[in-house]
Amino acid sequence: MGSFIFKRSLQSVFSLVALIILIFFLARMTGSPADLYLPQDASAEARFQFNEQYGFNDPLIEQFGRFLWGLLHFDMGQSLQFSRPAVDVVLQAFPTTLALAAITMPLVLLVSIVTGSLAAYRPGGIFDRFASILSLIGASTPNFWVAIVGVLVFAVTLRVLPTSGTGTALHWILPVGVLMLRPTGVLVQVVRTSMMTALSSTYIKTARAKGVGSRAIVFVHALRNGLLPVITVASDQAAGIVNGAVIVETVFGFPGIGKLMIDSVLLRDFAVIQAAVLVTALAVFVINIIVDITYALVDPRIRYS
Amino acid sequence: MTDQPLLDIRNLSIDFPNRHGVVHAVADVSWSVNAGETLAILGESGSGKSVSASAVMDLVDAPPALITSGEIFYRGRDLLKTPREERRKINGKNISMIFQDPLAALNPVYPVGWQIAETLRVHGVDKAATHARVIDLLGRVGIADPERRAKQYPHQFSGGQRQRIMIASAIALEPDLLIADEPTSALDVTVQAQVLKLLKELQAESGMGLVLITHDLGVVEKVADRVVVMQNGRIVEAGTATGIMTEPQHPYTRKLIDAMPGRHGFEVQPSVAASDRPLLEVRNVSRVYGVLPGKVADIGPNAVKAVDDASFVLNKGETLGIVGESGSGKSTLARMLLGLDKPTLGTIRFDGHNLNAMSAAETFRVRRRMQFVFQDPTASLNPRMTVGQIVSEPWAIHTDVLEKSLWRDRVIDLLERVGLKADQIDRHPHQFSGGQRQRIAIARALALQPDVIVCDEAVSALDVSVQAQVTDLLKTLRRDFGLSYIFIAHDLALIRDFATSTIVMYKGQIVEQGPTEALYRDPQHAYTQRLLQASDAHLPTAA
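Chains as they are written, first to last, in the numbering used here: chain A, 1 to 305; chain B, 1 to 543.
One chain only, chain A, in its complex shape:
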């Protein structure tokens, strides 16, 4: 298993390098930070000074070299908006998003596995139809719209939940709920399909012929087989939560990495964009490793060597 993780890490280095190159040059295509940080009527002299101070006057390739060199020393440069090291800024915002994802994802899994399994147990039944319609709505409704309507209904009209911020547990309800919606909708459908396949297998017939009760048939025999495709899609959705976080954090004023990224893009804070993307990419990489290990735990036929 150790050598497997090592091999996977080596493979990921290539994608990370490609990502770093891409993000470095793409960020610089948005324009000059000097236009944003200096007054509109700033003199050419002042602009030159500003660019000189942050090294934006140097040839692009030299800036890139400096960026790589810094990267090797875990130095991602200075944030323009906060005048602090970009890494510090990102690592400060990261736990909020991590907490958001860590609360959301288990809830998504719980709801979708239970709902999908029950729907698959009697395909075409009332519960199944209900679940299918709701999950389709969940999977296809835009996040930002639900977020805004959520604020309007629960915060403005009913006044039961706060509009934004992070202070109390109540602050988490709307963001987590909105973030859950799409992954849950998608996963209920995946669980349903894969459980239907599992439930029509011959080993289910064997279990019934042995006298195994229906709960054990669904949750012991079928579920573990039905989980494999679910894990694949779930890992994809987990990575997708980062995307969702950009919207949810912006709407609810959550100081996480999603909001930080949007703010930094708008403010051309290159160092923070780079650091945020890199940290997110590393998180996705860790998710993938966990998923690969989970595969091997769930299915004994999969062994990494």
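What the hints contain is simulated information worked out from the structure, not anything from laboratory work.
From the three backbone atoms N, C-alpha and C, an ideal C-beta is built for every residue, glycine too.
So the derived list for chain A, only partly shown, Cβ under 7 Å to chain B, looks like this:
#, residue
1, Thr202
2, Tyr203
3, Lys205
4, Thr206
5, Arg208
6, Ala209
7, Lys210
8, Gly211
9, Val212
10, His221
11, Arg224
12, Asn225
13, Asp299
14, Pro300
15, Arg301
Once you've looked at the hints, dock chain B against the given chain A.
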């Protein structure tokens, strides 16, 4: 003990409503089985033979199925009037069931020991006692080193071992009745014989009743006391096994028995003029995995030799049967003949051309003279193409064979040759039965007027009576077109009355080859003898 049967099914009818109406899967069926007795339910696919037995185990899903009438008495109690929860307690404890494909029937993600123990657990056996009982059961069904093997998963066992594990799980609580649904159909011939023997032994020990659902008359003949023959959901004949085998009454039963391969005379080897060069010549061919073609020096002692030094010739008009069990190398050999794989060593010559040392243009010209028919006609015909498109496709590739304006007439001609109708030309494969699909595949193979057709298990997936029809067709075509065949099969009986000469493969090697009649009458190699013993092919030719 009373004289009532262990299990007594009376006037059972089961319908499956679908879009087009109602399928009467089981229509007014009655059968019974006593303790210690073996009842065979014989029928081809779609005959309803499994459905009535599944109803005993509450495995028929209703809906969609509808049990419209009948009673199922187990020890005098009507199971159909018994609450589901009560029936669950009977399943596995009093009546148990095993299935055709043991790999599919075992849950892939749990150790086999756990799965056997589950039968004990759900019926309330004390946890402390289960482990010892599982080890005991595994040993009883002939799994060596049961302590270690109990922790392993189904994919780590062979097909025969998996079926033994299924049996261990089924007999764990010493049931009165075991229902075996095609228990040996997915297994190799020699393994089949072992599993049947095990079932009979267990029955002798415990006195349980055995219901054997099968399409295989050979199995019936070997183990059954009584037989019911089913066709289209109805019982057409019932009686003792010997009675039915010797004096079948119903025309359908007679047809089944007549269709049993190996009941007709041997095919005669065509005479070959000494001057004729062989059509196909395989010389010292080996396929070693993990070694590049020609790199003899790399073949170490641990190399996997899928085919080991095989040599044979195929002459014009000859039919060469290649027989072997799974893992014998017969499929690897076929893949090399097909050009899907290259021999590591040795040469394959077709009409004098070395198949692995030809230019692309030469390959294009020579290869067409050798055509193929595969095992699974459902998988080998493109579902989105019509029969006309499928059969004429070779002409789209080999444009010199036939002008496009003539395609349709020629396809119709070919379809009629293989026993299909001209008006079926625009249909799609799913509108045909398995046997008809194999006829389409044969028509496609004939399109380029080949010299040789390689049939890889071409009739193995078909019902017995359909098998006989397709082999008869192949025989007719052999005569009409002067074709030669290479006929790969695991079924010795099939080869017996079709192949003019036979090759027996075992663990990658050709252990015996010769004219079919001589080989069957006087097998030399121990493996051939074992194979003949295990199969039905040694039966004396019926009059």
